[in-house]
Every structure is written in C-alpha cells, then in structure tokens.
Amino acid sequence: MPPPLPLVQGTLDLLVLRTLASGPMHGYGIATLVHERTAGDLAVEDAALYQALHRLDRQGLIDAEWRPSANNRRARYYTLTPAGRKRLREETANWRRYARAVEALLRGT
Amino acid sequence: MREQSHRRRPFWYVRRRPETVTSEVDEELNVHLEMRVEELRGRGLSMDAARREALRQFGDVERTRTYCRQQDQAKENRMQRGLMVEDFAQDLRISFRSLLRVPIMTLTILATVGLAIGGTTVIFTAVNAALLRPLPYVDPDRLVRIYTDSPPNKFRFSVADYLALQEQQTHFERIAGYTDREMAFSDGIEAERLRGRVVSWTYFALLGIRPVIGRDFTEADGRPGSPPAVMASYGFWQRRLGGRADAIGKPVRLDGSDYTLIGVLPRDAGPLEQRQDFFVAAQWTTPPRKGPFFIIALGRLRGDVARSVVADELRAINRRLFPVWKASYQDEKATWSMMDLKTHVVGDVQTIAGLALAAVALVWLIACANASNLLIARVTSRQRELAVRAALGASRGRVVRHLLAESGLLAFGAAAVGIALAWAGVGVLHDFGTDYFPRTQEITFDAAAWWLLVALTAGSGLLFGLIPAVHGTGGPTNEALRSMGRSTGSVSVRRLRRVLVATQFAIATPLLVVAGLLLGSLNQLGRVDLGFDTHNLLSGSILLPPAQYREPRQVAVFWDELQRRVEALPGVTAVAFADGRPPNDVNNFNNFDLEDSPTAPGQSQPVTPWIAVTPEYFHLLGLRLLHGRVFDEHDGLTGNIQVVIVDRAWATRFFPNESAVGKRLKEGGCTQCPWTTIIGVVSDVKYAGLDKPDQGSVYWPMAPRGSRPIEGATTRNRYLMVRTGTDAASVLPALRQTVRELDPSLPFSRVAMIDDLVSQSLQRPRSLSRLVGGVAIIALLLSVIGIYGVMAYYVKQHAKDISIRLALGGGPGDVLRLIVGQGMTVVGSGLAIGLLTALALRRLMSSLLFGVSAGDAFTFAAVSLLLLGVALVACLVPARVAIAMQPAAVLRSE
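First to last, the sequence lines map onto chains E and X. Convert by adding 1 to the 1-based position in the first sequence; the result is the number in our numbering. Convert by adding 3 to the 1-based position in the second sequence; the result is the number in our numbering.
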C-alpha cells in the first residue's frame with residue numbers, strides 16, 4: 002500500500018461537511034468514516050479534524066450537542082446546520098470545477 | 004441566596020462560563036482517545052502500546068486543546084452578547100408595558116421633564132447665539148466701538164471727533180463710522196420709508212463683509228462732491244430692486260435724489276446690518292462747530308498692540324482736540340474710550356438671559372427630582388415584586404438594569420418631547436424674537452444645542468433612574484420577601500425622598516420670589532402716570548425729502564395744508580406737530596447752561612430731552628399749565644430758540660425754591676447765541692421710557708401754522724399727532740388717505756396709537772415676567788405633588804402604627820399633628836433655604852426691577868404664605884385619610 006497523501010489545503014472542511022451530510026456523528030465516527038471511504042488514501046490527522054470541527058462550530062456551519070453514543074457513552078455529536086448545508090453545496094461545486102480543470106490540463110499534455 | 008444577592012458585581016456583568024468550555028473540550032478529546040484505544044486493543048495491542056499508538060495517530064493534543072477552547076470561547080462570547088441584546092430588548096418591552104400601566108405618572112414625568120428640557124434648550128440657543136458665540140465678522144476679537152465717555156453716558160462721536168480720530172490714531176488697522184437714517188425710497192409708483200444707514204467708506208472693509216455682487220465703497224465714494232453711492236441689503240435688492248445682477252449701476256431714488264447702486268450685501272450679513280435696508284456712503288466735511296454727535300465710531304485694532312496703549316492714545320487725542328473746539332464744547336471731563344463691539348451689539352442682556360436660563364434649568368432639576376420621587380415610591384411599593392424576581396434567579400444587576408431601562412425610556416421620551424418643543428421654540432424665537440433679544444437671527448439648532456440635549460437627557464435618566472435603582476434594591480432580598488410587602492421602606496430611602504422634596508421647595512421658593520418681584524415691577528410700570536390721556540391718540544411720522552422740498556416755503560405750506568385737511572376729518576378733535584413722542588421716543592437730547600447757576604469751565608453741562616412742538620400740542624395731550632403761558636403763533640419764528648417751556652420735574656430739579664418762569668439759559672453749548680427764556684411750566688410727560696425717572700424735559704417751539712418760513716426754524720421731520728373723539732383706529736384710513744392725496748410720494752411711517760406704543764414698551768418686562776412666572780408655577784405644582792406623594796406614602800406605610808395609636812385612644816388631633824408636623828418640617832426647611840437664596844440674589848435682581856425693592860418684604864411674605872398654604876393642604880389630604888381609618892379593619896387585615 003502506497004503511503005497516504007497529504008491533504009490539499011482547505012479540503013478538510015469540505016470532507017467534514019460532506020461526512021455530516023448523512024446524519025449526526027461524533028468526532029471519532031467522522032475520523033473512521035473518512036478513513037474507510039478514502040481507503041486510507043488521505044492522511045487526516047485527528048488533531049486537524051477536531052480543530053476543523055470546532056472552527057466550523059464557531060462559524061455556525063455545524064451544531065454540537067452531547068448525546069449518549071451507541072455503547073452508552075456520552076459523546077459530542079455534530080449536526081449540519083442549514084448554513085453548513087449551503088456551504089457544502091458551494092464547496093462541492095467549487096471542488097468539482099477545480100478537479101475538472103486540473104484533469105483537463107493533465108490530459109492535454 | 005442571601006449570599007448571591009449580596010455578591011457585589013457590576014450590573015453589566017455577564018457570565019462567560021470559561022470552566023464549562025474547558026471541561027467540554029477535555030471530555031470530548033478524552034472520549035475520542037478512549038474509543039481509539041479500545042479499537043486498537045481489539046486488534047490485539049497491549050494497553051500501553053494502544054495508548055501510545057492512539058496519541059501518535061492523534062497528533063498534537065495540547066495545541067488542539069488550546070485551539071478548540073479558543074474557538075468555543077469565541078462562540079460563547081458571541082452568544083452572550085446576543086443574549087444581552089435580547090435581555091435589553093426584553094427589559095425595554097417589559098418597562099414599556101409597565102409604564103403604560105401607570106399612565107398618569109408616566110405622562111406627568113414626560114410632560115414636566117420634556118417641557119423643562121425643551122425650555123432649557125430654547126433659552127440656551129438664544130443665549131448661545133447672543134452672548135457666547137463670537138460676532139460673525141472677520142477676526143471679531145479685534146473690533147471695538149469708540150465713544151465719548153462721560154459717565155453715566157456713552158456719547159456718540161461728531162464729525163469733528165471722527166475726522167480727528169481718523170487723522171491722529173496709529174493703533175487701528177482701520178476705523179469706520181455709521182449713523183442710521185430713515186430715507187424715503189420711491190420706485191416711481193410707491194414711496195416707502197426704509198431703514199438706511201450712512202456709513203464711512205471703510206465700514207464694510209473694517210467688518211470684513213464683501214458684497215455678493217458689485218463692489219465695496221472706495222475712498223472716492225466718501226470724498227465730498229462725488230456722485231452719491233448706495234449698497235443694498237440682499238432683502239431690499241430682492242424685494243424692491245428686482246433681484247437681478249444688472250441692477251448694479253442703476254439709480255436708486257432716496258429722499259428725492261438719485262444714488263447709484265454699486266453693490267449688494269450677502270444674505271446673512273452680521274447682526275449690525277440685519278435690520279438695515281441700504282447703506283449710503285457718508286461724505287463728511289469738517290463742521291463749523293463740534294456737534295452734533297451722531298456717529299457710532301468703530302475700530303479694528305492691530306493684532307500686536309495692547310489695549311491699554313490704545314486707550315492711552317484715545318485719551319491723548321481727545322485732550323489735544325479739546326482746545327480746538329472750546330467755543331462750542333466745554334465738557335473737559337469727558338474722555339474717549341472703547342468697548343468690545345460685541346458688547347455694543349448685544350447690549351445689556353446678561354442679567355435677563357442669565358435669569359431666564361437659570362429659571363428653566365432649575366425647573367428641569369425640580370422636574371427630575373419629582374420624577375425621581377415618583378419612581379422611588381414605585382420601586383418601594385414594588386419591593387416584593389422585585390424580591391420575587393431576585394429570588395427566581397435574576398441577579399441584582401439584572402433587577403437594576405430593568406429599573407434603569409424604565410428610567411431610560413422615560414428620559415428618552417422626555418427628550419423627544421423636549422426636542423419637539425425646542426424645535427418649535429427656536430423657530431418662534433428666530434422669527435419673532437428680534438424685538439426682545441439681540442442676534443435672534445443667528446439662533447440655530449447647532450451642535451452645542453444638540454450636546455446640551457444629550458447632556459440633559461443623560462442627566463435626566465441618571466437623576467431619576469440611578470437613585471431609585473440603587474436604593475430600591477438596597478435591602479436584603481429575603482427580608483423584603485419575608486415582610487410580604489409590608490416593608491416601610493428603609494430609613495435611608497425615606498430620608499432621601501424627604502431631601503428631594505425639601506430641595507424642590509428650596510428651588511421653587513426663589514423662583515416664586517423672583518416671579519413675584521417681576522410681576523410687582525410690571526404692575527408698577529403699568530401704573531406709571533404718563534402725564535396725559537393716552538386714549539384715542541394717533542401719531543405718525545412724515546419726513547419731507549430736502550431734494551423735493553428745497554424751499555422753506557414749500558415745507559411750511561405742506562405742514563399747514565396737512566394740518567388743515569386733517570382737522571377737517573370727521574372724528575378728529577385736535578391736531579399738532581412734534582419731533583418726539585411719548586412714551587419712549589426722544590428725537591433730541593440737548594445740553595444747556597443756566598444764567599443763574601452757570602456750569603464751571605471743564606464740567607459737563609446738564610442734558611435733558613428737547614421736544615419741538617407746535618402750540619396746539621399742550622392742549623392736545625391735555626397737559627396742565629402750572630405757571631406762565633404756552634407757545635402762541637409768535638413763537639418759533641426765528642432760527643434761534645428764544646423761548647422754551649419746561650415741565651414740572653425740570654423746574655423742580657433746577658429751581659427747587661422759586662418759579663422757573665423768566666429764567667434764562669444758553670442751549671446747545673452755544674456761547675454766542677442770545678439768551679433763551681423760560682416762559683411756562685407744564686405737567687410732566689414720560690418721553691424716555693416708562694421705567695426712567697422724570698429728569699425734566701424742555702419744549703421748544705416749532706414753527707406754528709401760517710408763520711413766515713425761515714430756514715432753520717422749519718423742521719422737515721415731524722410727528723403728526725391727532726386726538727380723536729371716537730375710536731382712533733376708525734379715523735386711521737381717512738388719515739392715510741389725506742397724506743397720500745397731499746403727496747403720493749411721501750411715506751407716512753411709524754403710524755401707531757399711543758396706547759399701543761405704551762403696551763409695546765412693556766413687552767420685554769411682560770414676556771420676562773410671564774416666562775419666569777410660568778416656570779415658577781410649574782415649580783410650585785411639582786413641589787406640591789412631591790410633598791403630597793411623600794406624605795400619602797407615609798400614611799399608607801404607617802397605617803398599622805396609626806391604627807394602634809387610634810385604637811389605644813389617641814385623638815384625631817394627635818394623628819393630624821404627627822402627619823402635618825412631619826410634612827411641614829420638610830417644607831419648612833426647604834422654604835428657609837429658598838428664602839436665603841432669594842435674599843442672596845437681591846443685588847442681581849435689582850437691575851431688572853422698577854418700583855419694587857429686590858428685598859421686598861411683602862413679596863417674600865406672600866410667597867412664603869402661598870407655599871406654606873398649598874403645602875399644608877397637600878399634607879392635610881393624607882392626614883384626613885389617616886384619621887378616617889378604621890383601626891380594627893386595618894389591624895385585622897395585617
């Protein structure tokens with residue numbers, strides 16, 4: 002297995018928002034899901050993930066709430082706010098445009 | 004709870020819960036690490052290895068912890084701020100509703116404080132415009148008026164004085180002179196007598212005023228023999244000269260001669276110019292004698308010279324000038340002196356302005372004290388409600404904030420009322436204040452006025468907000484709760500309310516005294532005997548322009564014909580001419596030297612009003628002849644004044660022990676003229692104002708009808724005096740018609756009934772006493788409301804004690820004594836302080852009073868009795884409630 006790629010600047014927020022789009026989740030859950038979905042290709046450090054969560058919370062894009070977790074532990078669950086959902090749509094579109102542009106350039110050579 | 008309510012925190016304190024934020028971040032990160040460790044142990048790692056691996060995968064825990072805490076804290080702060088705004092909005096909503104529930108109190112506070120704020124602001128704007136702001140000229144600090152100082156008089160300059168000053172002075176950048184002269188303006192269709200001013204050519208340059216179109220006067224315009232030039236005020240140019248730029252260079256017909264219009268002044272020239280219609284360039288030449296004195300001299304000082312040096316020079320020039328004119332001027336004691344131009348423009352209004360401003364500002368204080376008192380009563384009676392709120396978790400700060408919101412709302416409401424009133428008031432003053440107060444054209448709602456409004460609003464809010472808020476929540480909360488609203492209000496609150504009420508009385512008393520003195524003074528003025536019957540007496544002024552009426556014969560014919568025609572009008576019973584008229588229009592003051600008691604060389608000769616009249620004048624006014632005879636058709640025929648008639652005050656002043664008839668004098672400082680003989684003494688008439696003492700007047704003969712016209716004896720400027728048998732106003736249209744028929748180009752101006760003139764001359768004292776009187780009555784009402792409120796509350800709170808007294812056999816007299824005694828102690832102490840204050844103000848007041856002493860015992864006694872009387876009634880009402888109580892019922896209800 003090749004070593005995981007470092008994250009492109011600014012994509013972490015997008016990953017977090019996208020992960021939360023399917024429902025409320027705690028920090029550990031998000032970390033696990035990102036790891037599984039990308040098959041370990043992306044190196045998401047837990048420290049960076051938590052910083053992103055609190056930053057997005059301050060910006061009002063996600064909401065935090067203490068809830069019992071699946072194994073009956075108290076965990077901090079995050080939910081997407083309407084503002085977060087809107088941001089996710091915009092960022093997704095932006096990312097696709099970006100990726101297409103890079104792809105087109107690479108194919109041209 | 005006791006502990007919490009006593010914890011001292013500022014009332015704006017907001018809990019930020021930093022400990023919660025920290026622990027939440029810690030817990031979240033711990034949960035994460037624990038989950039990770041479990042997962043790794045599931046894969047078979049040992050506990051130690053799993054922990055190390057979990058930390059390694061996580062990265063920098065400490066940095067993350069710090070970062071997350073910061074983010075959370077920022078969010079928390081923002082939410083708290085939002086909550087605070089919400090709290091504030093809620094406070095306002097609740098306060099608004101709770102104020103609506105006590106509409107009478109709310110309206111009282113809004114109306115009284117609003118009125119006081121508005122009044123204070125209006126008067127401040129007037130004082131600011133007149134006294135505080137510099138004159139709107141270039142470098143106004145260097146502008147002075149120069150005059151001949153012969154205390155108590157400040158005399159104008161003569162042409163001789165002015166020319167000497169111009170020639171010899173070295174410390175002024177420029178000097179200028181002016182004298183006002185009414186001139187008849189005719190546009191060929193309609194004649195109008197307008198306010199003109201003869202100015203030296205330097206006048207506008209000195210003040211720094213530049214014409215908006217055309218040019219300023221130049222030295223050439225002031226040279227004798229140059230074509231006459233005129234500058235128009237903006238208003239006159241707009242109204243009568245077409246308001247177009249091509250009016251420049253066109254002739255303007257004034258007093259029958261053509262003047263060339265050379266320029267137009269800006270719309271808002273200075274306060275000296277605002278009432279003037281046009282300005283003509285003076286062409287002064289050295290006169291044969293020193294007088295007459297009619298020029299107001301102005302100077303612009305050089306920037307670098309001390310005033311004392313300039314004053315020395317002025318005195319020196321005057322000393323050098325004296326010997327030159329010794330033949331026609333003997334007053335060696337008089338010196339030249341100068342004063343700030345502002346003092347000259349504004350005049351002596353400081354006392355009036357200060358009094359008016361102080362009066363309204365004091366009423367503002369009383370209104371705030373009253374509001375404070377009402378609100379304290381409200382807080383004390385709501386002590387239980389507030390205690391419940393505190394018990395339910397509202398911090399002391401929250402309760403205080405709620406109370407402050409209430410007073411803040413009231414303060415802003417009052418300010419809104421005040422702004423509306425001030426706005427209207429400033430407009431009224433601006434439009435109609437000109438007759439009462441200087442520089443009213445310059446009154447504006449400027450930054451200073453807005454700052455005053457802000458200060459008054461904030462001051463009001465604090466005065467009637469903070470005191471009740473701090474005192475209302477002072478007591479331990481649970482004590483207030485336990486007493487279940489039976490609380491008598493803490494001793495300090497009670498004392499505070501009494502101090503407030505005593506202060507109200509201490510302020511209201513001097514206001515009432517001053518109002519009483521002013522009213523007494525006005526009453527005295529109204530009762531002044533003018534010396535004649537003022538009813539059905541008409542007069543108006545006619546000026547015959549020298550250009551049209553060049554020959555003395557023409558002048559004489561005009562006056563004769565006018566008199567003949569007016570006498571023929573129905574309703575007219577007598578007609579006469581004079582050059583001045585009562586009650587305050589003296590055309591001419593003259594000096595004289597008595598044969599029997601000549602003035603020593605170098606001393607000032609006596610000066611009194613000199614009125615020129617035709618023989619019919621005395622009969623027309625109804626003056627009594629005390630000695631000698633009145634004028635007849637043989638008097639007033641020569642250029643010299645051969646005979647005069649004096650009034651009783653004059654006769655008593657100069658000949659206290661013998662008859663004045665037959666005595667001789669030389670008038671006008673003329674030493675070569677023949678003697679003038681006194682031929683009669685008549686009763687007194689007020690010519691120099693109702694409030695001036697009778698210092699004696701002299702009548703000299705005006706050329707009578709049918710006389711042979713001689714230059715010098717035939718005046719072109721006369722008042723027509725008409726006595727009617729019926730209502731004078733009904734004769735007026737016919738009178739105007741007669742003048743128009745005789746010469747349509749002649750303006751008939753200053754037409755008035757003497758009754759109206761008398762009434763107008765009382766306008767200023769009347770409006771001042773009305774203002775102060777109104778203000779004093781408001782102060783009285785508020786003070787009475789205050790004492791009533793305190794005593795009614797006292798009875799309510801002491802219902803139990805009083806009932807016990809009554810139940811134990813105390814008579815109603817005891818209760819009455821107790822309550823009235825309590826109330827009157829407060830009133831009495833306030834009254835005493837107020838009377839002392841009024842006594843201290845005596846010296847300031849005396850200049851505003853006429854016929855009443857500033858320490859007038861009657862006024863002081865009347866005001867004291869009035870205050871004590873109404874205060875007694877205010878105390879008796881709650882006292883009667885107390886006596887009527889059913890002791891058994893009151894005690895059972897407890």
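The set of hints was computed from the structure by calculation and includes no laboratory data. Some clues are possibly wrong.
[To be verified] Below, simulated EDC-like cross-link-like pairs (lysine to aspartate or glutamate); rule was C-alpha separation at most 16 angstroms, straight line:
(1) X:K669 <-> X:E570
(2) X:K695 <-> X:D596
(3) E:K87 <-> E:D14
(4) X:K157 <-> X:E445
(5) X:K78 <-> E:E37
(6) X:K669 <-> X:D334
(7) X:K78 <-> E:E66
(8) X:K336 <-> X:D152
(9) X:K78 <-> E:D64
Tested hints:
no. : hint              : result
1   : X:K669 <-> X:E570 : violated (36 angstroms)
2   : X:K695 <-> X:D596 : violated (23 angstroms)
3   : E:K87 <-> E:D14   : holds (13 angstroms)
4   : X:K157 <-> X:E445 : violated (27 angstroms)
5   : X:K78 <-> E:E37   : violated (32 angstroms)
6   : X:K669 <-> X:D334 : holds (15 angstroms)
7   : X:K78 <-> E:E66   : holds (14 angstroms)
8   : X:K336 <-> X:D152 : holds (9 angstroms)
9   : X:K78 <-> E:D64   : holds (11 angstroms)
Hints 1, 2, 4, 5 from the list above are not met by this structure, while the remaining hints are.
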